[in-house]
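K.L.:
Next come the chains, spelled out residue by residue.
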Amino acid sequence: MAEVRPVADVGRAPVPRLLTGWGRTAPTRAAVIAPDGPAGPARAGSGDLSGLADAVLASSAVVASGAVAGSRPGPARGLIARGLGRSYGDAAQNAGGTVVDMTALTRVTAIDLAAGTVTAGAGLSLDALMRIVLPLGFFVPVTPGTRYVTLGGALASDIHGKNHHVDGSFSDHVLAFDLMTGTGEIITVTPGGAPDAFAATAGGMGLSGIVTAVTLRLLPVATSRMRVDTERVGGLDELMGRMAARDDDYRYSVAWIDTLARGASMGRAVLTRGDHAAPDELPAKAARDPLRFAPHPRLVAPDVFPSRALNRLSVRAFNELWYRRAPVRHTGLESIATFFHPLDGVGDWNRVYGPRGFVQYQFVVPFGAEETVRTAVTRLSDARCPSFLAVLKRFGPGNGHPLSFPAPGWTLALDIPAGLPGLVGLLDGLDELVAGAGGRVYLSKDSRLRPDLLAAMYPGLDRWRELRAKLDPTGVFVSDLARRLALTTGPAVGPPLAGR
Amino acid sequence: MNDALGGAQSVLVLGGASELGLATLRALDLRPGARVLLAGRSPEAMAAAAAEAGLAPSVTVSTTNWDARDTAGHEAFVEKAFAELGEVDLVLAPAGILGDQQRAETDPAHAVDIWETNFVGLAATLLSAAARLRTQGHGVLVVYSSVAGLRGRKANFVYGASKAGLDAFAEGLGASLAGTGVRLVLVRPGFVRGRMTAGMPAAPMATTPEAVGAAVAAAVAGRAEIVPVPRAVGPVFLVLRALPAKIFRRLPG
Ligand SMILES: Cc1cc2nc3c(=O)[nH]c(=O)nc-3n(C[C@H](O)[C@H](O)[C@H](O)COP(=O)(O)OP(=O)(O)OC[C@H]3O[C@@H](n4cnc5c(N)ncnc54)[C@H](O)[C@@H]3O)c2cc1C
Ligand SMILES: NC(=O)c1ccc[n+]([C@@H]2O[C@H](COP(=O)([O-])OP(=O)(O)OC[C@H]3O[C@@H](n4cnc5c(N)ncnc54)[C@H](OP(=O)(O)O)[C@@H]3O)[C@@H](O)[C@H]2O)c1
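Here the protein sequences come in this chain order: A and B.
Numbering that gives the first Met the number 0 puts the first sequence at residues 0 to 499.
Numbering that gives the first Met the number 0 puts the second sequence at residues 0 to 252.
Rather than coming from a laboratory, the hints here were simulated on the basis of the structure.
All C-beta atoms in this analysis are idealised placements derived from N, C-alpha and C, irrespective of residue type, glycine included.
One thing to keep in mind: the hints can contain errors.
[Unchecked claim] Pair ranges (Cβ atoms, derived): (1) B:A82 / A:K469: 24 to 34 Å; (2) A:V67 / B:A174: 21 to 31 Å; (3) B:I96 / A:G346: 51 to 61 Å.
Please model the complete structure; the sequences and the hints are all you need to start from.
P.N.:
Following this line, the structure appears as structure tokens:
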């Protein structure tokens, strides 16, 4: 076992930093350490991580001793891994404790062209991975609406893409990963070899350990262009009907709903579905370089937006324009960036919501609960949330990992400014509706769920707690999300009632 | 943990039977499962006040003994309170006494009582609490100042001095917490028509405990750090502060 050295030995000294998720709400302070995995061959893609192991051990020892934390953030309040901070809420922050910035672990240690697999450090972004593998004729098996997520974050959230109904979620394509557990050891986890550790980690929000490297199965593609069918749809019922009828003809499908449209046009939407284009579909010029992938450099939104910059009028105007601009029906070619990652064209776009930030609300309800989707869209549109578009998609079967979000049914996601009056009650009401319909909210997006609804939404919660505890016996892995939802511990037993 | 919308899951109230404190608790609209620890001298008064506050049935309320003047006991008290609540998301500090100006002028012990309660004891407790919140890396502290602390006035300078001290202390403490994840909200109510001022003639721009509670709840959910109530007294405070002493003295009251 490694000797216990001070946490400062990892990469460089810990830096106290205020952290938030992508929604920029609820900032908390943590000591950030950044292992940079030097050249050592200790583990595929993970470099020599003995410094990180020491940090885990040091924290574990202090946590186990029950010592009171000092005045600076440090080991007594545990550790959590952080990727690119694209989860919206508090999943990758740890108030008063240590946060392990994984983004320097980007080494690609193996690409097997015959098998179509890649092994890389967990801090590698999907953006970087695409730039490496697209010219070789491969695409990532699952991409979220941004390329700026890490392999570790993608696994910990078990992210889904527009192809969930066909291809499942991210962990379904993970062949193996290295996990540093609560004892500081690194174990190699495969679905068959260590199914419990796999299940605890896929969707486990970083609480089963620190993923240091990932082996991923890639999707072979012949071009970097997408053939996309776009349809304008006048209302929600028609939209859901069209999606249910023909989604399975496409690998990728998603609809964008205008939540500010009311009355007859309530739920009006633009439905986009597509697949990777074949070489013979490309125009001559593009066909000369069919795998070209060169997303434009990013504009950066300035950090000067007051909270009220986005109001109902400006958002309504945007949504109107967006709807009118969409063709009634059209088939065309789009780049990967345009089709999958439209928001990545503007860096730090989350700043437009102003200093109070925003929440993203995403839920899934089973097929058959269409009425719940309708009620949710109606309530959101009645509340006149100044939201840009809401995203509606159909999920295919889930994978049974206890905290993995996707389950067969309808998923709806939208951004809402945090300062919207009445928002607490509106979202609590939706949570109850969703839980009542057998659905759940997505923890990677969550920043405000009531802990008492968690067990109903994730029936595998107790099982996950058992699997997790085996990997982290002292409870060294902890995040603000975990504290807020009593995720690993279960609800605290309240003090005795007084005077009532 | 504090959530994205300012929701607190655990609240410590220093001055657990305070009218403004309870108005704040009510306005916070705590969600099911929240835990409240009321700290003060009289468990009965606190229990009665909690019942009156009409909190949701699944909000757990308990009480604990705390006397602002017992400075020697504060560190132990704060340690115990934090241990009981686990994480502390929000500390409300509305403890205070108005005292009797006339009596204080002839009986300095009474003045000491006012100062020890409103400033010395409360500020000392806030220091201990702030240190623990810093360690936690998150949380909100709410300090209740008063217009009376703005300038020394003939009618209430003993109480006013205690609030002036508290106000300066809180403003500085808030500044020292920048970047720590902890935020201090300094509330400056004008004249509040309530228990403390019962029987006194209302000053201009008087407000209510409900309005103070709502303003605090909004500040906790948002980003504000200095909160005059009603909002319109903010500019009035500035003017009062800037008035030459000769003119200030001639103001009624
Ligand atoms: C514009 C936008 C669009 C999005 N679209 C989608 C979408 O379509 N589908 C979808 O599923 N998600 C989507 N997301 C959410 C995003 O994919 C997930 O939150 C993802 O986990 C973010 O990865 P990250 O590297 O930024 O991780 P972070 O946000 O830094 O961390 C997320 C979680 O992963 C854990 N984690 C990170 N790295 C590691 C590691 N090495 N080992 C162990 N745990 C780790 C953290 O502890 C935390 O719990 C979107 C986000 C944005 C901003
Ligand atoms: N009301 C106003 O007009 C007004 C205006 C501006 C500012 N303020 C300030 O706002 C705060 C709250 O006012 P309020 O109207 O809510 O007053 P309140 O109802 O009288 O409450 C004050 C609380 O402080 C407690 N307290 C007094 N001495 C204490 C001590 N030594 N140790 C512990 N607790 C003690 C009291 O408890 P006990 O039961 O033990 O006495 C009481 O619960 C005060 O700081 C006040 O100065 C009030």
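K.L.:
Per the hint of 21 to 31 Å, is the separation of the Cβ atoms of V67 (chain A) and A174 (chain B) within bounds?
P.N.:
26 Å, holds
K.L.:
Determine whether the Cβ-Cβ distance between I96 (chain B) and G346 (chain A) falls within the hinted range of 51 to 61 Å.
P.N.:
Holds - the Cβ-Cβ distance for I96 (chain B) and G346 (chain A), about 54 Å, lies within 51 to 61 Å.
K.L.:
Do A82 (chain B) and K469 (chain A) keep their Cβ atoms within the hinted range of 24 to 34 Å?
P.N.:
28 Å, holds
Taken one by one, the earlier hints all hold for this structure without exception.
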